[in-house]
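Colleague: Residue numbers (our numbering), protein chains in the order written: chain W, 22 to 134; chain Y, 156 to 268.
Hints may contain errors.
Stated by the list, open to error - Short derived list, chain Y residues pointing at chain W, Cβ under 10 angstroms:
1. N182
2. S183
3. Y187
4. P199
5. K211
6. G251
7. S252
8. K255
9. L256
10. T257
Stated by the list, open to error - Derived pair list, reagent style SDA-like, types lysine to any residue, alpha-carbon separation capped at 20 angstroms:
11. K78(W) with K255(Y)
12. K160(Y) with I47(W)
13. K255(Y) with N127(W)
14. K260(Y) with P60(W)
15. K193(Y) with S229(Y)
16. K260(Y) with L202(Y)
17. K160(Y) with E96(W)
18. K255(Y) with E96(W)
19. K211(Y) with S121(W)
20. K255(Y) with R94(W)
21. K193(Y) with R130(W)
22. K255(Y) with I47(W)
23. K160(Y) with T218(Y)
24. K260(Y) with G61(W)
25. K78(W) with G251(Y)
26. K34(W) with R84(W)
27. K255(Y) with L116(W)
28. K160(Y) with T59(W)
29. K78(W) with N182(Y)
30. K209(Y) with S121(W)
31. K260(Y) with G63(W)
32. K255(Y) with G83(W)
33. K209(Y) with N120(W)
34. K260(Y) with N127(W)
35. K255(Y) with F71(W)
36. K160(Y) with G61(W)
37. K78(W) with E197(Y)
38. K260(Y) with F71(W)
39. K255(Y) with N120(W)
40. K255(Y) with G79(W)
Read the hints as simulated data drawn from the structure, not as lab findings.
Even glycine gets a Cβ: it sits at the ideal position worked out from N, Cα and C.
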Amino acid sequence: KAGVTQTPRYLIKTRGQQVTLSCSPISGHRSVSWYQQTPGQGLQFLFEYFSETQRNKGNFPGRFSGRQFSNSRSEMNVSTLELGDSALYLCASSLAQVNSPLHFGNGTRLTVT
Amino acid sequence: DQQVKQNSPSLSVQEGRISILNCDYTNSMFDYFLWYKKYPAEGPTFLISISSIKDKNEDGRFTVFLNKSAKHLSLHIVPSQPGDSAVYFCAASGGGSNYKLTFGKGTLLTVNP
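With the rest of the complex left out, here is chain W (with noise of 0.2 angstroms):
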């Protein structure tokens, strides 16, 4: 069975602008969440989708949006970009069952110029 897959797996863009990453989840898992890594932060939730549907986020501005398909694949998009968005983004699908574990993508690494 195919793992989390991530698209780009590397990004650079410059302040002011957007970008949008992708994530197709393992196939079965209806439940998609993103998260953020930083050295400072640690990892942190950004937001999950579960039928198309944003069941929750996290505490990040409103520049930081997603979107989940019909398919399950899921998209995130930072708006104006700030140095500080510079992160490893990570992705995670599960089957959405209680007690069913995250299973991660090897994540897009977006740096900010």
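Let chain W serve as the given structure and place chain Y on it in line with the hints.
Modeller: Same frame as chain W, but now just chain Y:
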């Protein structure tokens, strides 16, 4: 406010010996706990989990212990192997929102041959 704490940034053990990684939490609403392993340039890999109704869970060389009264969990790896060298993250969730994980900052485990 760090709700999940891994107080040891690093740990070094000899091959064949036991590795014990520790994690403390403060939120009494957490009822599901997980350990992830992360290699550089890869996403976190799920290792083992435990729900709050249990105090021990084993999977091969990995055992997780949960002490709810102390709000403490630990991961034991026996015997440790050089391939176990990685950053280990403790994570927790509660209220059925197992997609919204709160992570510790991680412990770098080095297993020396």
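Colleague: Give a verdict on every hint.
Modeller: Cross-check of the supplied hints:
1. N182: With a closest approach of 14 angstroms, the N182(Y) hint is violated.
2. S183: The hint is violated - S183(Y) has no Cβ within 10 angstroms of chain W, the shortest such distance being about 18 angstroms.
3. Y187: Check passed: Cβ of Y187(Y) comes within 5 angstroms of chain W, closer than 10 angstroms.
4. P199: Constraint on P199(Y) satisfied, holds at 5 angstroms.
5. K211: Violated. Min distance 16 angstroms.
6. G251: Cβ of G251(Y) sits 6 angstroms from chain W, so the hint holds.
7. S252: holds (6 angstroms)
8. K255: holds (5 angstroms)
9. L256: holds (6 angstroms)
10. T257: holds (8 angstroms)
11. K78(W) with K255(Y): holds (9 angstroms)
12. K160(Y) with I47(W): Violated, at about 30 angstroms.
13. K255(Y) with N127(W): The given pair, whose Cα atoms are some 18 angstroms apart, holds under the 20 angstroms limit.
14. K260(Y) with P60(W): Holds, because 9 angstroms separates the two Cα atoms, which is no more than 20 angstroms.
15. K193(Y) with S229(Y): holds (17 angstroms)
16. K260(Y) with L202(Y): holds (17 angstroms)
17. K160(Y) with E96(W): violated (31 angstroms)
18. K255(Y) with E96(W): Since the Cα atoms of K255(Y) and E96(W) sit roughly 18 angstroms apart, the hinted pair holds (cutoff 20 angstroms).
19. K211(Y) with S121(W): Holds. K211(Y) to S121(W) sits at ~17 angstroms (cutoff 20 angstroms).
20. K255(Y) with R94(W): Within the cut-off at roughly 18 angstroms; holds.
21. K193(Y) with R130(W): Within the cut-off at roughly 15 angstroms; holds.
22. K255(Y) with I47(W): holds (18 angstroms)
23. K160(Y) with T218(Y): The hint holds at about 19 angstroms.
24. K260(Y) with G61(W): The hint holds at about 9 angstroms.
25. K78(W) with G251(Y): holds (15 angstroms)
26. K34(W) with R84(W): Holds, at about 15 angstroms.
27. K255(Y) with L116(W): holds (13 angstroms)
28. K160(Y) with T59(W): holds (16 angstroms)
29. K78(W) with N182(Y): Holds, at roughly 19 angstroms.
30. K209(Y) with S121(W): holds (16 angstroms)
31. K260(Y) with G63(W): Holds. K260(Y) to G63(W) sits at ~6 angstroms (cutoff 20 angstroms).
32. K255(Y) with G83(W): holds (18 angstroms)
33. K209(Y) with N120(W): holds (13 angstroms)
34. K260(Y) with N127(W): It holds: about 18 angstroms lies between the C-alpha atoms, which stays within 20 angstroms.
35. K255(Y) with F71(W): holds (13 angstroms)
36. K160(Y) with G61(W): holds (14 angstroms)
37. K78(W) with E197(Y): violated (24 angstroms)
38. K260(Y) with F71(W): Given pair K260(Y), F71(W) is violated - Cα atoms ~27 angstroms apart, limit 20 angstroms.
39. K255(Y) with N120(W): holds (11 angstroms)
40. K255(Y) with G79(W): Between K255(Y) and G79(W) the Cα gap is close to 9 angstroms, so the pair holds against 20 angstroms.
Checked against the numbered hints given earlier, the structure breaks hints 1, 2, 5, 12, 17, 37 and 38 and satisfies all the rest.
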